[in-house]
Structure formats: structure tokens, C-alpha cells
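Asks: Chain by chain, the residues:
Protein chains: 2
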Amino acid sequence: MTLRPPRASLVCVGSELLSGQVNTHQAWLSVRLRRAGFDVAGESSVPDCVGVIAAAIRRSLEHSDAVVVCGGLGPTFDDLTREAAAAALGRKIRFVPRLWKVILKRFARYHVAVPEENKRQAEVIDGAEVLANDAGSAPGQRLEFRWKDGRPRSLILLPGPYAEMSPIFTRALPRLSARHARGGSASLTLRLAGVPESVADEKLEPVRALFPDASFTILASGGEVSFHATIRARTPAAARARIKALRRAALGAVGSWCYGEGDTTLEAAMGERLKRRNLTLGVAESCTGGLLGGRLTSVPGSSAWFTGGIIAYANSVKTSRLGVSAALIKKHGAVSEECALAMAAGARRALGAKIALSVTGVAGPDGGTKAKPVGLVHLAVSGPGKTARAKRLDIHGPRESVRSRAASAALVLLKETFDALD
Amino acid sequence: MTLRPPRASLVCVGSELLSGQVNTHQAWLSVRLRRAGFDVAGESSVPDCVGVIAAAIRRSLEHSDAVVVCGGLGPTFDDLTREAAAAALGRKIRFVPRLWKVILKRFARYHVAVPEENKRQAEVIDGAEVLANDAGSAPGQRLEFRWKDGRPRSLILLPGPYAEMSPIFTRALPRLSARHARGGSASLTLRLAGVPESVADEKLEPVRALFPDASFTILASGGEVSFHATIRARTPAAARARIKALRRAALGAVGSWCYGEGDTTLEAAMGERLKRRNLTLGVAESCTGGLLGGRLTSVPGSSAWFTGGIIAYANSVKTSRLGVSAALIKKHGAVSEECALAMAAGARRALGAKIALSVTGVAGPDGGTKAKPVGLVHLAVSGPGKTARAKRLDIHGPRESVRSRAASAALVLLKETFDALD
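Note that the protein sequences, when read in sequence, are chains A and R. If you number the first sequence the way my numbering does, the last residue is 422 and the count never jumps. If you number the second sequence the way my numbering does, the last residue is 422 and the count never jumps.
These aren't lab readings, by the way, just hints derived from the structure by calculation. Remember, it's a predicted structure, so these values are computed and weren't measured experimentally. The reader is advised that the hints may include incorrect statements.
Pairs involving identical chains hold if they fit within one copy or between any two copies, as the list cannot separate such chains.
[Unchecked claim] No more than 27 Å apart at the CA atoms, straight line, and that leaves these computed lysine-lysine pairs for DSSO-like:
no., residue 1, residue 2
1, K370, K101
2, K101, K372
3, K105, K203
4, K105, K391
5, K203, K92
6, K331, K372
7, K203, K119
8, K415, K92
Bound conformation, chain A alone (with noise of 0.2 Å):
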């Protein structure tokens, strides 16, 4: 009953990729393309030079039926994407004037004149469909088109950065998927927090067993896990129908630990259940800097239920404006279990908020102590009413895996308190 899955290849264009920059896009795509039906097939970073990228294009379609292109299509003399691709189709670029006009209206707002330069990212592959870019002056395209073997291809081309490629993708990948699927597939995507990644694994395991025709992967990532299972099969009815099977299996098996499915963030998740109760939340961070409302406030709506936060860098400021008490800090520090209780409950008076959450800790690289390690940060929650809790946490990291761990712990925090509730 097994169905080759459509194949998917990734090109990543850029020599900062061979000087040391990290590719994060090669992870973000080949998880997207798996949760879509493909395999991924392989991954090439090749320099800003036409010929290889033409190469690698080339070489990519022969065994591959849709090829992802990234970055490249920029207006500076370096960016040959479109005419690499061009050159691997044997296919003219043309100008359009209407992309132009687009760009030009573009840099009227930002008041700047347009170079010269900026004329090329108005060129498109003949036969190429033109995928708007909202975010950026460079927009992506899409190829579609018969191989020398008479199946069919798909060639996209996307710029390189992930606020311009990742909305362009997302919006280019249900009629990738629909172009390339076999059979029917069908998948599912459970979001868990508070429980590590080998815990939830094994929970998993007699799951995973008993449906020997999905594919499984789970991801384990800023404290947070990912499970997620692709079924294929005959047709997409037959697919739904052994994924909904697989759902209930899988919930049962992590229970509450699941605070979402699909592409929801648990930031978004507690959001949701905040609204719910009608209640909001204020924040106070000391080592986390702002990042735990970066994140809260990334949600689209947070300003129905997020007030507002204190960052407390300086212990002046914990005892200005979260009104924590100098002897407390000198008793027991500002990296404490009661300075982070105070914090919470300073915050949540400061904010006008139902509740709030606080996080203190040593961040490092310096600062470290026999007694409070680098990765030692407490947590608190207080409310709604009388709800009070702290926790701790060490955390084994650098710099920024302690303050992102310790932001993504305090939203676990919050949730605990929801599933305490309910």
C-alpha cells in the first residue's frame, strides 16, 4: 500500500552560507515540505555565481519534482537566482514594467530614490509566475513545466529573507503539495510544553506502533516539543480517516501536556486561554529583557489581554517600580524564589493586570556565583486571586538558551496554572 512520496529539493543561494553564516532556511523548508507530503531529497548551498547555481537547479530537477530555490533575487550585483534559473531552463527573462511600478511605489513611501539597480528585481522568467512579496521589494516565482521525462516539475524561487521567503512559501505550498501529491495525505501536528523531548518520545512509542503506515517525527526545540505524522494513502478520504485515528491515539497518550495543534504557538495558545476567562496579563522580567512580552505580544489581538510589563534590568528599577523591597533583595538576592514572588505580585499591582508572571535569573556569560550558577533563574505567577507559585529552573547553556528557555518556561508556567484551574 506503500506510495513514493513526490520528491522535494532545496537550493540555498548565497556565499554567506559558505562563510558562516547558520541556514536556518533549509530546516524551516524541509519540515514544511515533510509535513506537506515530500521527501526531501537533498540540500545544496552554492555560492553567488551563475553557473553553479544554474548547476544545481539543473542537477536538483533531474531526480526531484519540485526544487526550491532560496535567496538570490535581491537587486545588487550579486544576486543571479533569476538569471541562474534562466539559464537552467533555457528560458529568456523579460522585463515587466507593471513589477516595476509595483517597487517603484514602494520606495515613494520610504521616500528614498530608487537605484538603478533595483530595476532587475522587476525581471521574470518567461513562463514564470510572479508571487507577491509583501514584505520586501523582491518577489518570488513560480515555474511550472514538463522534464525531459515527461512528468511534471514545479522550480520556486523565493528571496532570502525569512520575513520576505517564509510568507511567500506558506502562501505557494497548497498548490505545490496539490501539483506533486500521490494518493492522498493527510497530517497532524501536536504542540507540548512542561515535559522533555525523550519523555514525550517515549510516551509515543506504542503509538507509533500501532500505525506502521505514518511517518513520525518529533522536534524538540526552546523547551518546547513538536510531534507531528504524515499518513499517505490511496486517496485523501482514506488518509483523514487513519490521521483522526492517529489523533485521538497520540492525545491520549501526552494528555495535557498538549497545548495546541498545527502551527499555533503556546504564547498564542495562552493568549486563547486568557480570553476565555476574561482575564489579563502583565509581565516582569529581569534577565529575560523584554523577551517573554516580544513573545506574548507577537500574537496578533494580544492587546485584549496583555496590559504591559516592567523589565527590571536594575535593582533600582525592581524597587521603583515593582515596589520589591531592598531588604528582600539584600536578604536574598535578586535572584531568588522571593524576589521573583514579589516581582510577579509588584507587577501585577503596576499593570492593572489579572495576573502576572515574572522571571529572574543569572543569564551569563559573567555574573555566576558557587551559590547562583550561570542558568539559575526563578520563575512566579501571581493570580488570578490568590494564586502565587515560583519554580526554578537551571538551565545549561549560553547566553541566549537560558534567557529563551527561561521566557518559553514562564508560558508553561502560565499554562500549568490554567490546567490547575480547570
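Keeping the supplied structure of chain A fixed, place chain R upon it in accordance with the hints.
Replies: Here is chain R on its own, set in the frame of chain A:
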């Protein structure tokens, strides 16, 4: 005078690289190869499949002096790099009893039985030199030979785990470099802010023309631009002299847009300027919700110059915590120059800082009006002394672009404030 630098290519082996795991080895190895004078000509990520790995190795050897393969040397069924490399070179693999003894000894230390499949880790390609692995059981391998074109090639196989790969490669690099080196190389990175990529590119065009012996990249990311140049010459001293001349010319072209060099960030550079002037900084954030504070506190040691912030998301927090009058908000709106200036002044007082930055805007996707559309952002700075400046931005893009660009622009406003003081 131009010398073709020796070329290196990377082959990263492992299906996990095509299912969402971020490939950090690529960046790590690229930086080190470039510093050792290699031009990194390409990277391929390939799945655990003998034929695909062998094809990638053969293709890389075709156009590179040195090929570094990473991963696939473990003991399990899906570790296939040895077989693939042997196939690529048309050589045989032999079992080396001496190596097997080393592995047995290693396991004895851990008091575990040695699985039979580990014998594969004692297999070496004919003619290969073993590269000892102090941190794991899979040794690396080095092959030196001549290719069909009569020129010398090196093929290095490294185990996948970072802790094993990195020391083996570090020890192997000097010999690799000595075998393939031609002349010397030097490089330069300038970090720019407050200028669009295409304008910076135009200004730097004459510099590029003056240095035909250099290779350049220019990269825009999150409202900033970085300019990178590498020069290769007959000797290291000659390369250094040329890059020094190039640096002078490039700095002349970009003027005060350049805030730093090498790996620095805008927030770290601003921290340095604050420290040098013995000033402190606070922030008041509305639409960025903590992102600006988050970036500033990402800098190790930022507690020396960052006091804290007020995330004034709700208007009630702008009024109660920043002293922005309700009448002002009613008259001009929360997204206005007047409100931004009042927020900055209020934050400076509330946080006991010598300078404060403020951000207020419409991040979207909802909340925009004809008069105040999504993407409209007002920034202000208060201090040092009597300084008070405001800036208006019209950012095109999705919510997260508006927010991250607004945070970047606030740092640029701080930079411009310092520039005006100089």
C-alpha cells in the same frame, strides 16, 4: 596578480538535516576553511543513502581541491559514509584489527558489551590515514591522491557529533591548508545601519571597481546591511596590506553608516558607546512589546548601561507608568510623535536613565486606519541632556517585520543621536 584560491566543498550526511535539524556544522566548517585560505565552493546535505552520498563526493571532488564529509561514520545500519567514499574513489574497504582493539578498549572503560555492528567503525578505506577520535568511537579518515586532472585532492571524513568532529578537524586543518595553499588571504566585514542595501551598494561600487582582486558580498537583514570583502595575494603580508587599503576606501564611502566591524551587532556597538560616555539607557515600548529591551539585553554585560524598560502596551500603562497624559492620547492618539516624545521623557524619569528610547506604532494585522495605517511607527529619544528627537517610519510588511524593523530603527535613532554629539 589574482591567484585562484584553493577550493573546498562540504558534504553533510544525515537524513535529519533534511527533516528539520539545523545544520550548524556547515557554518562552523566554512568559517575555518575560509580562515585557512580556502574558498568554500559549495555544500550539499544528503540523506543516508550510499548512492547519493557517493555522487555528492564525486561531484565535489570534480571542482574542489579538498572535500570534507561530515557524518555517517557511526555503527548503525544507516551510517554509510565509509561505503560511499570508497565507492566514489573506486577503492576497497578493509577491517583493521588494530582499530578494533582501540574501540574495544574504549567500551571496556564504560563496562558495556560491544555490539557486533560496531565492527564497522574499524573499517578503513584502502590508502586512508586514520584520524584519531578522542571523544567517541568513530575515527575520522584522510585520503590524499591525484584526480583525473593530475592535480592533488584531499578527502576528509569526519564523524557527525560536534564534540568529535571539531577536534579532529582542527588537528587536520594545518596539513590540509599546507597541501593546497596558494599565497595568503585577508578579509573585512563592515556593519552598516540607517541606509538601504541598494544605496550602500551604490556607494561601495567605486570601491569594488578599485579592488578587482577582492571578492565581495553585501547582505541586508532586519534593516541592517553588512559588507564583506576577501582579498587573496601572493603572501599573507601582501593580502593584509591590500585589505587595509580597501578598508580605508570602504570606510570613506560609507561614512557614519558604519557602526562597527567583524562580528559586532548594533546593540553591542551602542552599548560600547553608552559605556564610553558613561551614560545609561532605558526604553518605553508599545508595539515592539519588549523586543527592543530583549535585543539590548542580549549583549553580555548590558547591566552596566541598561537600567530597564516599561512595556506600555495598554494606554492605561502609558498613563500610569510613563505619565503620558490621557488628554494627549485623546488629542493625538497613542501612535503619534507627541505620544512617542512623552513616552521617552516618561521612561527616562521612571527608569532613572540618562537616555530613553520609545516606540509606538501599528503592528497589524488589525488596528490600522486610513490616517494611521498598519506599519506606521513613531520613535523618540529623550536625552542625553536636553536632546529630544522623534522619527516617523512607514514600514511595509507583516506584523513581525513591522515590530523587528521598528526595534532596529530605534537603535539607529540612538546611533544618530550619538553621531550628532560627536
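Asks: Quick one: which hint numbers does this structure break? Sort them smallest to largest.
Replies: 5, 8
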